[in-house]
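Colleague: Listed below are the residues making up each chain.
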Amino acid sequence: MTAALRFDPIRLPPECEQLRKEVRAFLAEEIAAGTFDPHKPQREDSDNPEFSKRVGERGWLGMTWPKKYGGHERSFLERYVVTEEMRVANAPVRRFFVADRQSGPVLLKYAPEHIKMDILPRICRGEVCFSIGMSEPNSGSDLFAAKTKATKTDGGWLINGSKIWTTSAHMADYMIAIFRTSAPTKENRRHGLTQFLVNMKKPGITVNPIAQITGQYEFNEVVFTDHFVPDDHMLGEIDSAWKQATSELAYERSGPERFLETYYVLTELVRAVGPKPDTRSAEGIGRLVAQLHTMRRMSVSVAGMLQAGKEPVVEASIVKDIGTIWEQQLPHRVRELAAFVDDNASNHATLDEMLGFAIKTAPKLTIQGGTTEVLRGIIARGLGLR
Amino acid sequence: MTDADNIVAETAERIFADLADAQTINHDKNGSWKAPLWQALTDAGLPLSWVPEECDGSGTSMAEGFSVLSVAGRAGVAVPLAETMLAGWLLAQAQIKSPEGMMTVAPASPRDRLTLNADGTITGRARGVPFATDAKHIAVVASGTGGASIALVDASACRIEAGLGLADDPSDTVHFDAVKPVTLQSAPSGFDQNALLLMGALVRSQQIAGALETMLSIGVNYSGERVAFEKKISKFQAVQHNLAKLAGETSAALAAASSAADAFSGGAPLDDALFLEAAAAKIRCSEAAEKGAAIAHQVLGAIGFTQEHILHRYTLRALAWRDDFGSESYWAVELGKLVAARGADELWPLVASR
Numbered sequence: 001m002t003a004a005l006r007f008d009p010i011r012l013p014p015e016c017e018q019l020r021k022e023v024r025a026f027l028a029e030e031i032a033a034g035t036f037d038p039h040k041p042q043r044e045d046s047d048n049p050e051f052s053k054r055v056g057e058r059g060w061l062g063m064t065w066p067k068k069y070g071g072h073e074r075s076f077l078e079r080y081v082v083t084e085e086m087r088v089a090n091a092p093v094r095r096f097f098v099a100d101r102q103s104g105p106v107l108l109k110y111a112p113e114h115i116k117m118d119i120l121p122r123i124c125r126g127e128v129c130f131s132i133g134m135s136e137p138n139s140g141s142d143l144f145a146a147k148t149k150a151t152k153t154d155g156g157w158l159i160n161g162s163k164i165w166t167t168s169a170h171m172a173d174y175m176i177a178i179f180r181t182s183a184p185t186k187e188n189r190r191h192g193l194t195q196f197l198v199n200m201k202k203p204g205i206t207v208n209p210i211a212q213i214t215g216q217y218e219f220n221e222v223v224f225t226d227h228f229v230p231d232d233h234m235l236g237e238i239d240s241a242w243k244q245a246t247s248e249l250a251y252e253r254s255g256p257e258r259f260l261e262t263y264y265v266l267t268e269l270v271r272a273v274g275p276k277p278d279t280r281s282a283e284g285i286g287r288l289v290a291q292l293h294t295m296r297r298m299s300v301s302v303a304g305m306l307q308a309g310k311e312p313v314v315e316a317s318i319v320k321d322i323g324t325i326w327e328q329q330l331p332h333r334v335r336e337l338a339a340f341v342d343d344n345a346s347n348h349a350t351l352d353e354m355l356g357f358a359i360k361t362a363p364k365l366t367i368q369g370g371t372t373e374v375l376r377g378i379i380a381r382g383l384g385l386r
Numbered sequence: 001m002t003d004a005d006n007i008v009a010e011t012a013e014r015i016f017a018d019l020a021d022a023q024t025i026n027h028d029k030n031g032s033w034k035a036p037l038w039q040a041l042t043d044a045g046l047p048l049s050w051v052p053e054e055c056d057g058s059g060t061s062m063a064e065g066f067s068v069l070s071v072a073g074r075a076g077v078a079v080p081l082a083e084t085m086l087a088g089w090l091l092a093q094a095q096i097k098s099p100e101g102m103m104t105v106a107p108a109s110p111r112d113r114l115t116l117n118a119d120g121t122i123t124g125r126a127r128g129v130p131f132a133t134d135a136k137h138i139a140v141v142a143s144g145t146g147g148a149s150i151a152l153v154d155a156s157a158c159r160i161e162a163g164l165g166l167a168d169d170p171s172d173t174v175h176f177d178a179v180k181p182v183t184l185q186s187a188p189s190g191f192d193q194n195a196l197l198l199m200g201a202l203v204r205s206q207q208i209a210g211a212l213e214t215m216l217s218i219g220v221n222y223s224g225e226r227v228a229f230e231k232k233i234s235k236f237q238a239v240q241h242n243l244a245k246l247a248g249e250t251s252a253a254l255a256a257a258s259s260a261a262d263a264f265s266g267g268a269p270l271d272d273a274l275f276l277e278a279a280a281a282k283i284r285c286s287e288a289a290e291k292g293a294a295i296a297h298q299v300l301g302a303i304g305f306t307q308e309h310i311l312h313r314y315t316l317r318a319l320a321w322r323d324d325f326g327s328e329s330y331w332a333v334e335l336g337k338l339v340a341a342r343g344a345d346e347l348w349p350l351v352a353s354r
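Here the protein sequences line up with chains V and R, keeping their order. For the first sequence, my numbering begins at 1 and goes up steadily by one. For the second sequence, my numbering begins at 1 and goes up steadily by one.
Think of the hints as simulated: they come from the structure by calculation, not from any bench. Glycine included, every Cβ here is placed at the ideal spot set by N, Cα and C. No false leads were slipped in.
Label pairs and their computed distance ranges (CB to CB):
1. R:Gly-190 <-> V:Asp-142: 52 to 60 Å
2. V:Pro-137 <-> R:Glu-290: 37 to 45 Å
3. V:Ala-4 <-> R:His-27: 22 to 30 Å
Below, a sample of chain R positions facing chain V; criterion: calculated Cβ distance under 10 Å:
4. Val-220
5. Gln-240
6. His-241
7. Ala-247
8. Ser-259
9. Ala-332
10. Glu-334
Here chain V stands alone, though its shape is the one from the complex (with noise of 0.2 Å):
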């Protein structure tokens, strides 16, 4: 028998229910408010500030962190049920959802204390956004080949070379970057390359916004010129991110948003089918619940095992697996079942809108944080055929 899988029946504890009740209300005010807007996912990557500050002081950020550093040491099931519905209510969470997810952990397990006590508590009050710089122009998947450099010099290092495909660099404070220390050895080719933390509001460092497909600008190419990082910016090990950066993978992997990323075209459909579907619109329509149903009992499942202390790191790169390809899908199956939806659906044109941008962010939902190749190739390690 293979290593066997497991995907415990998890339940959201009872205290879940209230927290969930408090951020639909809060979502609800903010909607109400015009913050934004729940049918216009393609502004979703727009800078939101003053939103961010207030899902900070609703206690929503830093939820399982220690009480010292501004965190509410709340359960990973408790952060998950923030972070669904937000995503399900298409929030601007861009300013805060990647320090939230992962720059903060990061900076938890291996930043020195008063930097800890510096940045953290920021966090918590969602002043502050963190971009990953991790692609360079010749390295992409292949993230062990990154060449931008850190030389030594005195009382910290100068960073030289750029990063792309580098997402929200444009608005970051800050961004967690790996860069070259050293070459790589013959017996690991992975060592070599050290995790900093990179303050972006620093002389040296140049962004260049990138176009994308959907017409967004999320992505942006980072170029550094004799950048300087002071010496206790480095995180963790020297030589060693490549330890670092796949232990924490299963965090990243495996949340809500790895499958929620299209939702919205399923609500919709279900509004333009209305209450008496005809068979082929319900079967389609009851297939894809069931599918959404099964992604999500087994995200919570990860969560929970990690929660339980577990490292589930294959089930989390297969939720990634399979949960990114059903969010990409999503957008073609609905269109499929909404080509005889009556055009005088009421919402028939939001329906259309929402189709379009979801058929052009579905290609990078396979790409973004682990190509579905790579995470084959992880799941097929934890298989034992490499």
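Based on the hints, put chain R in the right spot on chain V.
Modeller: Positioned in the frame of chain V, the structure of chain R alone reads:
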């Protein structure tokens, strides 16, 4: 509930390992393995897992019973263990004691209805009834003017047209021609044929997920042994990615089936959220069966297409189980209607209800 802390599932595993070795069964043309296996399962009280002690059963928890089904699915075994468990469960809903021996249930398809006549006899036709030819008794849901009733029927009182499913397991048409049941009781309030079909769907979901686990295991092991183009085929990226997809489908089936089993084990009333769990499990497990079986066969190549190899024991059964107690298409239509009737803005609250 995990298998490791579940002594009932461990017992089932041990019995299947001892008496239902896949290679041995596959070469046994006269089915001589069946009687000793059934005897051992009966001695361990497994067929009546879901029957409370006061109805002459083992009184095992719902959760433990579901884990037995997942073990049975992994073993891909052609004895009516799941069917007898389901029949015992159905009879227990009306406090009817379970008899000894193999049982099955009817109807097994949403297209069929059995009628309870005014004189207490049952009339109708039930198609695709698994193992009816092997069963001594059939547990039945029949509808009359006073609502649904549950009955224990002697199989010999019915006219049974033998049929075979995809995996050559009995899948029979049972004719009830004014059959007088052994025992007849009113179903509890709210219980009807749909409740039986949902439970049947859940049972099949567990078995399909179990069969997929074995397909994955067979595929992974074979790819590590078979050499082609001078290396193990497990070293080819195309094969690795196919097996990773099979692992994904297996995971989806496991997650959907175990979530639904857990939800039903809680004894909650059958509301929309519970309906979603069961219907989604059958839909997603059936979809996984199709995709998973195709990959397992692709990895094994020609050898997996032979009678001699054991792979078909799992692939064909998983594919056959899709049809029992409502296919994925049937449940998808039902679920789609429910979602549409609730309305667009009630979809997410339904999905996020637990």
